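For the record, the sequence lines run as chains A and B.
If you number the first sequence the way my numbering does, the last residue is 292 and the count never jumps.
If you number the second sequence the way my numbering does, the last residue is 1344 and the count never jumps.
It should be emphasised that the hints constitute simulated quantities derived from the structure, not laboratory data.
This structure is a prediction, so every number in the text was calculated from the model and none was measured.
Every residue gets a Cβ at the ideal spot worked out from N, C-alpha and C, and that includes glycine.
Careful: at least some of the hints might be erroneous.
What the hints assert, rightly or not - Taking beta-carbon pairs under 10 Å as the criterion, some of the chain B residues facing chain A (in silico):
1. Ala1025
2. Leu1027
3. Leu1029
4. Leu1137
As the list claims (entries may be wrong) - Far from chain B, some chain A residues (derived; all Cβ distances over 10 Å):
5. Asp6
6. Leu9
7. Pro91
8. Met181
9. Arg185
10. Arg188
11. Ile212
12. Thr228
13. Thr265
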Amino acid sequence: MTKFIDLTLNGISTGAIYAVVALALVLIWRATRIVNFAQGAMLMITTFIASSVIDSSGSYWLGFAVALASGLVLGAVVERVLIRRVEGGPPLNAVIVALGLLILLEAVAGMIWGNTPRSFPPAFSIQGYDIGGTRVLFAPNDTFIVLVVIGVALALTVLFRWTSIGLKMRAAAFRPEVARMLGVRVGRMLTLGWALAALVGSLAGVLVAPSIFVGPNQFDPILVFGFTAAVLGGLDSFAGAAVGGILLGLALSYVSGYEGSSLVTLAALVILVAVLMIRPGGLFSSTQERRV
Amino acid sequence: MNSALARMRLPGNSLARSLLVVLAAGLILFLLSEELGAFNDLQLANGAYYFAALAGLTVLTGLSGQISLGHGALMAVGAYTVALLIGDEHWALVPALLAAVLVTSLVGIAVGAAASRLRGPYLAGATLAFAIGLPALAEQYPDTLGGANGLVINPPTPPSWLGANFPLERWEAWIACIGALVVLFVMNNLVHSGTGRAFRAVRDDEIAASLCGLHVGRVQTVAFIASAACAGLAGGLLTVVLQLAAPGAFELALSLSLLTAIVLGGLGSLVGAVWGAALLVLLPTWTNDLTRSFSLSTNVSNNLPLAIYGFVLIAAMLLWPGGIQAGVRAVFSRLRPSRVTGGT
């Protein structure tokens, strides 16, 4: 029973990380209809920057703030310089540019910081709570992560559903021509979408770094599982991304705990296929997906 | 699909043209392999099995419009089939390769039937999970599949009539090239057949295609099976050339580089797949040589080839959105303005 509780708590905290990455991917999908495969590399860069800042200044929260700020800037620059040129073209070209960026960023990080992963401090204690004399696998830092995920999901939902900026962003993504005629600065909205997504991504990087360390290739599995979570929930729904992330985290935690960690990726495949066979547009899809 | 099969006629001249192309390509490859040394023969063999996989993927993604991030895993199926049949069961080479094609096609039926329900990013996500999940089987069943070390087979022996000193690398190159030529012949006919037109009809407009009597899901599944068969042969050839089937060779990076190669070469074109295969083989060699020619710190020199690869991907997509083959076609059509270029 203790094992089950531990696995559940562990699943919630890792699932929360997948959920943040999934939120970033959903944000870019809703803003520009592109799946950003470079997300993992972008948050890797911002986490490395945070790590350097923490090392030299000694302040965790300064590094945290710098990571978010650099994410915002990186997202905007990537959209303006690279993605703008392939937007509206064949969808695969955007995918290839994102993959190219992923490889380039990982190589650049390796050149600057080396390929050996380094440790990263957590925001709060990682000592599990003491409940009735037993230490559970859930620490104050995990509470922080889960609260951040809920906060981000709520903020994004509010932004997209109830603010005029969110309405403009949705309009710019779905009908750029019409939106432009109605006075929406489409280009600016797309840049804003990428900047916000990179900000959310950089948050995920800082949150997950203590448990997986910081290295050029260290965040690849996070992107893969984040993408799986986003697809699971339905790429058009923030709530879906959050729920998909937690569900995936829980399922993988149980599989890894009871059956062995080598089955984790296989389990992710089985779960994803099972869900998509029943709902081809993800758990929270409202419309039939028709784009190829 | 029945109607598509009924309309599938292979006109004599198209078949003859395919044969001519294959014979010409075979002659060039034969002369090339005679000229090259051991290392370059091995590269030729690598390029040949890459081409087999890329030809299948470019038909799937370019013609029937289904994105697959999981073709590396399909190659793994073919590779392990050949390794098990040759290594454990001592099958001959050709039956083992045919079995690899068959087994991978069966896997392709399952994956293709699932894939035909999915679109765009959802299909990408499912095939991505396939690419990540399948190689884990090797570690789950280490007794049969060899775990992380993989399965080793004996190198193929050149027949005695070629002489005692016939280099092994050239024999491997011949095997791989013959496999690639078979794929070229079959795929070239498929592309120009009624089935190929059905692929394109489904890609361009699913509703219009089903109004024409095509069963969209079945056409997409057929495309996936054909593509999986190519990937299976490619994987089998990989095992023969490298004498090894190990999970490390079939990581996500392989699936992703296959996808980048077909887009870089020119999506939907078999000639584009040749460009893609050449890039996959030559680019790492060139960038490694280039890096070694400078004296750089370890961190920089270890990562410079990757950085160049990433840069090339981005630059190529921004400069030639249609890939290399589109650029070549543009040059040719400028030379011969009267010719109408066939759209894909």
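Verification of the supplied hints:
1. Ala1025: violated, 27 Å
2. Leu1027: Since chain A brings no Cβ nearer than about 34 Å to Leu1027(B), farther than 10 Å, the hint is violated.
3. Leu1029: This interface hint is violated because 28 Å lies over the 10 Å limit.
4. Leu1137: Holds. Min distance 7 Å.
5. Asp6: The claim stands: Asp6(A) keeps its Cβ more than 10 Å from every Cβ of chain B (closest is about 24 Å).
6. Leu9: holds, 25 Å
7. Pro91: violated, 7 Å
8. Met181: Check passes; 26 Å lies beyond 10 Å.
9. Arg185: Non-interface label stands for Arg185(A): nearest chain B Cβ at 23 Å, farther than 10 Å.
10. Arg188: holds, 21 Å
11. Ile212: holds, 16 Å
12. Thr228: With a cut-off of 10 Å, Thr228(A) comes too close to chain B, as the shortest Cβ separation is near 6 Å.
13. Thr265: violated, 5 Å
Of the hints listed earlier, those the structure fails to meet are numbers 1, 2, 3, 7, 12 and 13, in rising order.
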